[in-house]
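S.K.: Residue numbers (the numbering used here), protein chains in the order written: chain A, 112 to 448; chain B, -6 to 34.
Read the hints as simulated data drawn from the structure, not as lab findings. Hints may contain errors.
In silico negatives: residues of chain A with every beta carbon more than 10 Å from chain B [said to hold, decoys possible]: (1) ALA133; (2) ASP135; (3) ALA144; (4) MET182; (5) LEU188; (6) SER199; (7) GLN274; (8) ALA324; (9) THR400; (10) LYS433.
Simulated restraints, written as ranges between beta carbons of each label pair [claimed, not checked]: (11) A:GLY155 to B:ALA33: 48 to 54 Å; (12) A:LYS285 to B:ALA33: 35 to 41 Å; (13) A:ALA137 to B:PRO31: 35 to 41 Å; (14) A:ALA266 to B:PRO31: 21 to 27 Å; (15) B:PRO31 to A:ASP134: 48 to 54 Å; (16) B:ALA33 to A:ARG323: 20 to 26 Å; (17) B:ALA33 to A:GLY154: 43 to 49 Å.
For clarity, every value in this text was computed on a predicted model and none was experimentally measured. Glycine included, every Cβ here is placed at the ideal spot set by N, Cα and C.
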Amino acid sequence: MIVDTLRARIQHVRALGLWDKADDRAAIELATAALNSLPARSGGTYRRIRDRLDVLLTLATFGTGLADHAMAERRLLEAVSLLRSARSGRARDARLCEALIRYGNLNRLTARHDEALESLHEALQIAQQRPLSRQVLAGCHNALGILARDEARYADAKTHYCQTQGALEACYGKDSPMLASLHHNLAGLAYAQHRFIEAEAPARRALSLRSRAANPDLLAIAADTSVLGAIFAAQGRHEEAETLLNDALETWRCRFGPQHYEVAVQLHNLAMIQEARGDGAAAEQSLLTALQIKRRTLGDCHPEVEALLSNLSAMHERDICKSANSSQPQTNHSVAG
Amino acid sequence: MYRKIWGIVLVVAGAFGMAVATAGPAAAGLYLGNHCEPTAR
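Hey, can you work out the whole structure from these sequences and the hints?
M.R.: Next up, the structure:
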């Protein structure tokens, strides 16, 4: 028993190392082997379930990273169920909040907003009742803010982000890299409201705070870079936008390959710049690739897929109008002739 | 002798447990929102 546990812990550490080296398949295999070495027992103390819980959450992280939502969901559901079975205590409650936040966030990504709200409210309730640390509370409000933004409840989003900011600043001060994601999300909120000038400052702040970290997270920096690029594109600063979006695109391509969800996000933004420059063929190709990736990762009925289809169709209509306008004088001429 | 070996095993197990917890997903970390993309036109 103790030997199995020890072996599983070693496999888990090695799996995390393989993930850092971008050997995703081997990392998943090893973490799954670690999970299979651990007994699937539930109930009792938090210590009793902790090893299995750690591996489950790691596998969920791998699934989320690869945009494999089905894999992430399976692991998160087991983690939540395992935590619910364990005796309540500070450590167990904090981890239950973490798992519920992650499950809620996954439901948001897959456009199941009611389920997302349910999980996030449960996490918030636990965090407020116990009470848990400010960081846990900040995590709950942040996730609720993102969900509110996605549902266009912008005032609610702002309230949740203010709560997040208060909790984080009380823990870390105003200039900590721990506040980078909050500023990233504030920029996203302003962008969603089409306040493109206002969005620039928090986006720059996120990038600046993130790069101050002792070990900067390159993927998070790529995400911040992408947001600033999208803001510049919306402001009409196409050259600056293109440089940033291509940087982000390269980071995601190098880490996860050309078929990753984040690649589609960058291509969608780049397509709008390509069209504005008059390169309709490149824009159409970018949109089609983005559409194919998002259909595969999100399904046909996801709002992001619908947005891409709508933009593709609008682009075709503009092309038809342009062609009609350019052929108009000739037709008139021939009729007149 | 047996107790000594057992003690070492427990220490190593504990050390790895701590390493895993540190290297694993951050507790209740902040999530990044969806990235900014053009809305449907």
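S.K.: Are the hints correct? Go through all of them and say.
M.R.: Against the structure, the hints come out as follows:
no.: 1; hint: ALA133; result: 16 Å, holds
no.: 2; hint: ASP135; result: 16 Å, holds
no.: 3; hint: ALA144; result: 14 Å, holds
no.: 4; hint: MET182; result: 15 Å, holds
no.: 5; hint: LEU188; result: 16 Å, holds
no.: 6; hint: SER199; result: 16 Å, holds
no.: 7; hint: GLN274; result: 12 Å, holds
no.: 8; hint: ALA324; result: 12 Å, holds
no.: 9; hint: THR400; result: 14 Å, holds
no.: 10; hint: LYS433; result: 16 Å, holds
no.: 11; hint: A:GLY155 to B:ALA33: 48 to 54 Å; result: 50 Å, holds
no.: 12; hint: A:LYS285 to B:ALA33: 35 to 41 Å; result: 37 Å, holds
no.: 13; hint: A:ALA137 to B:PRO31: 35 to 41 Å; result: 37 Å, holds
no.: 14; hint: A:ALA266 to B:PRO31: 21 to 27 Å; result: 23 Å, holds
no.: 15; hint: B:PRO31 to A:ASP134: 48 to 54 Å; result: 35 Å, violated
no.: 16; hint: B:ALA33 to A:ARG323: 20 to 26 Å; result: 37 Å, violated
no.: 17; hint: B:ALA33 to A:GLY154: 43 to 49 Å; result: 48 Å, holds
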